[in-house]
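S.K.: The primary structure of each chain is shown beneath.
There are 2 protein chains.
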Amino acid sequence: MDRILRVDMAALAARVEPLPQEYRLLGGRALTSRIVADEVDPRCDPLGPKNKLVLAPGLLSGTPLSSSSRISAGAKSPLTGGIKESNGGGQTGARLAQLGYRAVVIEGAPSGNGWWLMVVEPNGARFEPADDLLGLGTFETARRLFDRFGKKAALMVLGPAGEQMMNIAGICNTDVEGRPSRLCARGGLGAVMGSKRLKAIVMPDCGWKPPVPVDESLWKIASKAYIKELRTQPATSVRYPQFGTAATLELVNKLGGLPIRNFRYGQDPRTDAISGFRMREIILKRGGRPTHSCMTGCAIQCSNVYTDEEGNEIASSMEFETNGLLGANLEVFDFDAIARFTRECNDLGVDTIETGGAIGVAMEAGLIPWGDVDGIFRLFREIRSGTVLGKLLGQGAGTTGKVLGVRRVPVVKNQTLSAYDPRAIKGNGVTYVTTPMGGDHTAGNTIALQIDHLDPAGKVAISRQIQLQTTLLDVLGFCSFARGVLNATPQTFADLFNARMGSNLTPDDMMAYALDVIRREVRFNVAAGQPAYERLPEWMREEPLPPHNAVFDVPEEEYSRIWDL
Amino acid sequence: MDRILRVDMAALAARVEPLPQEYRLLGGRALTSRIVADEVDPRCDPLGPKNKLVLAPGLLSGTPLSSSSRISAGAKSPLTGGIKESNGGGQTGARLAQLGYRAVVIEGAPSGNGWWLMVVEPNGARFEPADDLLGLGTFETARRLFDRFGKKAALMVLGPAGEQMMNIAGICNTDVEGRPSRLCARGGLGAVMGSKRLKAIVMPDCGWKPPVPVDESLWKIASKAYIKELRTQPATSVRYPQFGTAATLELVNKLGGLPIRNFRYGQDPRTDAISGFRMREIILKRGGRPTHSCMTGCAIQCSNVYTDEEGNEIASSMEFETNGLLGANLEVFDFDAIARFTRECNDLGVDTIETGGAIGVAMEAGLIPWGDVDGIFRLFREIRSGTVLGKLLGQGAGTTGKVLGVRRVPVVKNQTLSAYDPRAIKGNGVTYVTTPMGGDHTAGNTIALQIDHLDPAGKVAISRQIQLQTTLLDVLGFCSFARGVLNATPQTFADLFNARMGSNLTPDDMMAYALDVIRREVRFNVAAGQPAYERLPEWMREEPLPPHNAVFDVPEEEYSRIWDL
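Protein chains in written order, with full-length UniProt numbering: chain A, 1 to 565; chain G, 1 to 565.
Since the hints were derived computationally from the structure, they do not count as laboratory data.
Hints should not be assumed to be uniformly reliable.
Claimed, not checked - Label pairs and their in silico Cβ distance ranges: (1) G:Ala-457 to A:Ser-111: 31 to 41 Å; (2) A:Asp-38 to G:Leu-515: 29 to 39 Å; (3) A:Asp-516 to G:Leu-515: 19 to 29 Å; (4) G:Asp-508 to A:Asp-516: 43 to 53 Å; (5) A:Val-16 to G:Gly-366: 37 to 47 Å; (6) A:Ala-461 to G:Asp-8: 14 to 24 Å; (7) A:Asp-38 to G:Ala-457: 30 to 40 Å; (8) A:Asp-374 to G:Gly-366: 26 to 36 Å; (9) A:Ala-532 to G:Gln-465: 30 to 40 Å.
Said to hold, decoys possible - A few chain G residues facing chain A, derived, Cβ under 10 Å: (10) Glu-39; (11) Arg-43; (12) Lys-50; (13) Trp-116; (14) Gln-164; (15) Asn-167; (16) Thr-387; (17) Leu-389; (18) Lys-391; (19) Gln-395; (20) Gly-405; (21) Gln-530; (22) Glu-538.
Said to hold, decoys possible - Reference listing, derived: stretches of chain A covered by chain G, where coverage requires no fewer than 3 residues with Cβ under 8 Å from a Cβ of chain G: (23) 44 to 54; (24) 388 to 396; (25) 399 to 410.
The beta carbon of each residue, even a glycine, is placed where N, CA and C say it ideally should be.
Just need the whole structure built from these sequences, with the hints factored in.
M.R.: Following this line, the structure appears as structure tokens:
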């Protein structure tokens, strides 16, 4: 797995390179960010040929260890203008690792107008025209590719949004059953892939070839310890398997931090209709799957399959962020509607958070009424067909707000905040303004902590700790639900890392490693002409959020020193 | 004139304050930028209540000296995100000075939804509802206000674009005959005025009360020397009086730097139809006015009145930048069409450069064909009525390009470049990337110099010199055509300054003063989270511009040190 596949889209050629010695211990986010920082001009046009799209499985991806096979995509983001890493579940992380690649670096752009698909092979890659797939949704695209390359292929595909190089476009990874519904969603990395005119990346079946740990005996001990802890913690053993991420909605609503009506309210009794509990009830009644794994071998199985009353699948999976941004935030308190939104977003190949943010802002501007399900579908059609309005929404909430003249736009670094209003969930607010990634909870979500989320005190230290831990998860390929295990047993994580890589890092060394990753990312952003830390939008520091009437009040003097730059 | 009028729009109240001692020698751009830098949070929302709109006549405005009564408007720009000063001709600069104000500082925003007009009086200001004027073009707005406040009032008004807080919106100053056609055009300052819900600022007649110079005998000597030089130099004595700015088109076309078809070509024989020579011919034949002054007492009279074949006025004035950006750049080689565009832009209250840039990008995206005059009028109607497409264009070329997926967008700091392609006119390219003002030739236009504009050598020093001189003009209230006089006789300028202010500055002191102004502006931008210097768009450094097949090649290492920060 110590090889890099370097792809020149201008020449439609790929070559295998040895992993540079200084990248020896890097994987996932550490490697995507390092290659972007080392090779991409921070001030380049993110949709021009000088940007590079880097894909990297986590260091443990492809091993049989539960919940560790995520794939990172990295580039300069057209949405935030800064460096971005976005990781996704599904089957591609494990496959890329098993094909023997630590990273795929996609450079340049084809000179003609044609579109391509890239077939990744154990010793290179080949290219085939993809013009016949243009305009297709991700599901039909995936169906045709499975027909050609076999059901066991793992795919990364773009939908119509990625083809149109929209900022809301993600890269869609296929799950265990082949749904292209596991997105590297945030930051418009689908647009970067679109700028390379790659409709799909196909990773054909190569048999089951898990990477071999350097220290197999330590690996056995550490992986046992990991699984034991995963099966002991209530979140990963009971809550996520039963309710998935959807149960987070009750919690955030209770804390008064759920986005309602474009982040105008933090709590609403109508959310009972879209709670995790209610979702499970509906799924069980209709014969869907309340628990389901997105990648092979996951012990948590937080995913689900949501069906209609006849038992036909609508969407997999229903997630808290989608229920928040495309549900509560738009005043749609109806799971069937949200499930159809989810399906549509997966087929368009878009980030449900950014899309929900943009539609919320469009509602604020009066384009369609709050809660107007048919209106939302009309907007999806505008996006799909690329009308001016569709393209505008496709730029995300920030640009939509600027153009439509809306001041209440919930973005940081031009990116829609996740479904935790930072006025009520202050640790996440600190994450939004200090992560190099923009308004993105996946960089460091404090919600699982038993703390007073309203109190600004101590939130900088808490966000810092969680951001560092999350970075390690993103390096190893772990899903974020493994953070509880990392927090409880950091030595286990160091053991897994060392066993796999033949290294000798202490838990403290690993946190220093994570800090180095983040600092490099921040330096890239500064070189791109961005500030080293951000602010929440002015109105979030002034407009009280009911029911707690909270504003964001973590002092800038405090959070601006978070990385000791 | 040593007083500041401070306006609180939240309270609809104004009070007169003494000029702080440290602002004693500041006027025009120096004062708007100083107040913005001292009082406005660089990271505030430019369209929120924390931004301030500062108006300041030049230090010589209101004196009888020719071409010295311009008015500066300053704020944090919603277009560039940085500090902005934009100055305009017409009658308001002299009036504000004669009303006794060095500056007007407009803060806050009204709490309700009403719109207002502010009547500036010698000892304060009063406010009247302006809701009856909403939606009106600037001409009808001005007509109604002259009816109410007398023909001799001087006005600053917004059109529909400013009301909609569009980035293309300027602030329209009335000229000698009352046309609202003298814009503080660039940088979206009309949007900032709109965010204060001020439809118009009325400065009623106060008699002719020119500011009295401190040293009247020196003033007499220096003003004589100034006028003599103005009447000697060929540009100000022959070329501008005869052809106005329109004659610049032949020169720039000859140099291969005129924007044709969204900056795709630098030269086109069809531009013969829109040359300054041709314009004068048409105007003379139809009985318009080939020469005309925008402000009382101007000896240059570069303005003009363009009529139709029946002798009815279409627009005043036809300017090079408009002929470039809304003519050549859109492949409209027809003066009658451009005159009607000019009229429409003045009535909408928009910057013709930014509007031309946005329409050029929309044409590049295929929205309407090149040269489609009817299509352009259709787009103007979209802007006026605020459709989604109209609002998009109203954000300027940068956002239009992002949303429509166009890579060839001619902006720096999100602002459309003036009608000098920086690949052929390299000194202006240096100005675009180094001025804190964005892609704006008014910060330092090198075109009048007899140099090899294609050669990158020496252009940093040249742009620096011109930017410093231009800053001084912007401080004193001079029109940029006085730069030739300043360059030839810097002592005369120092004498005028010293006579007026009672100071004792040498020409070198004045250049140091200008450098201080620019450095403060750059520091504001850096504090706003911007880089200290910009880059041209990637494609302008790579795509050769016919006929010289030039790219922009002034080294970044060289121009990044221009202000020795």
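S.K.: Each of the hints needs a verdict: does it hold here or not?
M.R.: Okay, the hints, checked on the actual structure:
{"no.": "1", "hint": "G:Ala-457 to A:Ser-111: 31 to 41 Å", "result": "holds (33 Å)"}
{"no.": "2", "hint": "A:Asp-38 to G:Leu-515: 29 to 39 Å", "result": "holds (37 Å)"}
{"no.": "3", "hint": "A:Asp-516 to G:Leu-515: 19 to 29 Å", "result": "violated (40 Å)"}
{"no.": "4", "hint": "G:Asp-508 to A:Asp-516: 43 to 53 Å", "result": "holds (49 Å)"}
{"no.": "5", "hint": "A:Val-16 to G:Gly-366: 37 to 47 Å", "result": "holds (41 Å)"}
{"no.": "6", "hint": "A:Ala-461 to G:Asp-8: 14 to 24 Å", "result": "violated (40 Å)"}
{"no.": "7", "hint": "A:Asp-38 to G:Ala-457: 30 to 40 Å", "result": "holds (33 Å)"}
{"no.": "8", "hint": "A:Asp-374 to G:Gly-366: 26 to 36 Å", "result": "holds (30 Å)"}
{"no.": "9", "hint": "A:Ala-532 to G:Gln-465: 30 to 40 Å", "result": "holds (34 Å)"}
{"no.": "10", "hint": "Glu-39", "result": "violated (16 Å)"}
{"no.": "11", "hint": "Arg-43", "result": "holds (6 Å)"}
{"no.": "12", "hint": "Lys-50", "result": "holds (7 Å)"}
{"no.": "13", "hint": "Trp-116", "result": "violated (19 Å)"}
{"no.": "14", "hint": "Gln-164", "result": "holds (6 Å)"}
{"no.": "15", "hint": "Asn-167", "result": "holds (8 Å)"}
{"no.": "16", "hint": "Thr-387", "result": "holds (9 Å)"}
{"no.": "17", "hint": "Leu-389", "result": "holds (5 Å)"}
{"no.": "18", "hint": "Lys-391", "result": "holds (5 Å)"}
{"no.": "19", "hint": "Gln-395", "result": "holds (5 Å)"}
{"no.": "20", "hint": "Gly-405", "result": "holds (6 Å)"}
{"no.": "21", "hint": "Gln-530", "result": "holds (6 Å)"}
{"no.": "22", "hint": "Glu-538", "result": "holds (5 Å)"}
{"no.": "23", "hint": "44 to 54", "result": "holds (count 5)"}
{"no.": "24", "hint": "388 to 396", "result": "holds (count 6)"}
{"no.": "25", "hint": "399 to 410", "result": "holds (count 6)"}
Violated hints, listed in ascending order, are 3, 6, 10, 13; each of the other numbered hints is respected by the structure.
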